[in-house]
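Just so you know, we're using full-length UniProt numbering here: the sequence shown kicks off at 1 and counts up by one.
Calculated from the structure, these hints are not laboratory results. All figures in this text were calculated on a predicted structure; none of them were measured in a lab. Where a beta carbon is used, it is the ideal one built from N, C-alpha and C, also for glycine.
With a cut-off of at most 35 Å between alpha-carbon atoms, the simulated DSBU-like pairs for lysine-lysine come out as follows: (1) K253 to K33; (2) K190 to K33; (3) K13 to K38; (4) K13 to K190; (5) K190 to K126; (6) K253 to K13; (7) K253 to K38; (8) K253 to K190; (9) K126 to K13; (10) K190 to K38; (11) K126 to K38; (12) K13 to K33; (13) K126 to K33.
Beta-carbon label-pair distances, calculated as ranges: (14) V248 to Q55: 23 to 33 Å; (15) V274 to R27: 50 to 60 Å; (16) T25 to S216: 17 to 27 Å; (17) D83 to V248: 21 to 31 Å; (18) L87 to P249: 21 to 31 Å; (19) G113 to Q257: 41 to 51 Å; (20) E127 to D264: 33 to 43 Å.
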Amino acid sequence: MTHVSPARKQSEKALYGGTGSRRITVRDIAAAKERAEKWPMLTAYDAMTASVLDQAGIPVLLVGDSMGNCHLGYESTVPVTMDEMALLSAAVVRGTRRALVVGDLPFGSYQEGPVQALRNATRLVKEAGVGAVKLEGGERSAHQIELLVQSGIPVMAHIGLTPQSVNAYGGYPVQGRGEEAAQQLLRDAKAVQDAGAFAVVLELVPAELAAEVTRSLHIATVGIGAGPDCDAQVLVWTDMAGMTDGRVPRFVKQYAQLRQGLGDAARAFAEDVVGGSYPAEEHSFH
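Please work from the sequences and hints to get the whole structure.
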């Protein structure tokens with residue numbers, strides 16, 4: 001019998017950098033929490049981008065309703081429909097082999113109650129093939145989370161700044177500042193954990209509060225603008241890679257400048273066409 005060292009077993013199980021080839025599951029997320037392993041998550045909205053991120057080893061890909069802002073041209077996430085979410089989620093699933101794909105439930109697809117949430121979450125699982133769904137809200141969404149989990153659909157919760165409520169907030173303010181707001185966020189975190197969520201996104205939350213939430217929960221916390229102590233970190237891929245035009249949020253670190261690079265490539269192509277140097281002989285058939 002071949003002996004496998006504990007260190008090698010740990011490296012095989014790692015969410016990022018692991019050697020396993022099967023799909024990541026929510027059980028892997030729970031095990032990473034027990035190991036105190038930090039892991040990355042990015043958004044994806046199409047098969048080609050998803051395949052790049054999957055091959056880069058990103059263990060969890062979120063088909064976020066952020067597609068409204070950065071992929072579909074809407075001013076917010078609010079207009080995103082279930083048809084759009086199902087279509088793009090299916091594309092991301094087709095483009096990946098290892099990543100756990102999480103599909104967002106868009107605004108209006110679960111607020112009526114648990115039955116509506118189950119109907120739409122089931123659609124994402126059956127039609128798109130996602131491994132989990134995400135929905136916004138703490139205590140107010142606990143019944144929806146509970147029914148989905150009881151029905152066999154893993155749920156990632158989302159508290160703090162919930163972008164679908166942009167009209168109620170009047171913008172995108174930091175959440176959880178002040179004693180009363182901090183206590184409400186803690187209650188929301190406990191509520192989604194008790195309802196059965198396997199992870200919870202903390203968005204635009206003071207770093208100290210996010211650290212407290214992370215210590216108090218046995219499920220994974222995923223930070224976005226929530227400081228360094230969450231179990232995982234997520235960014236919108238177009239922000240992370242420098243595709244977003246104009247100003248990006250303070251919490252974003254840009255790891256490339258793809259917008260500039262793509263623009264440069266398009267201009268070089270155009271100049272070759274106008275100047276007659278493309279297509280050249282090697283690009284032609286006879």
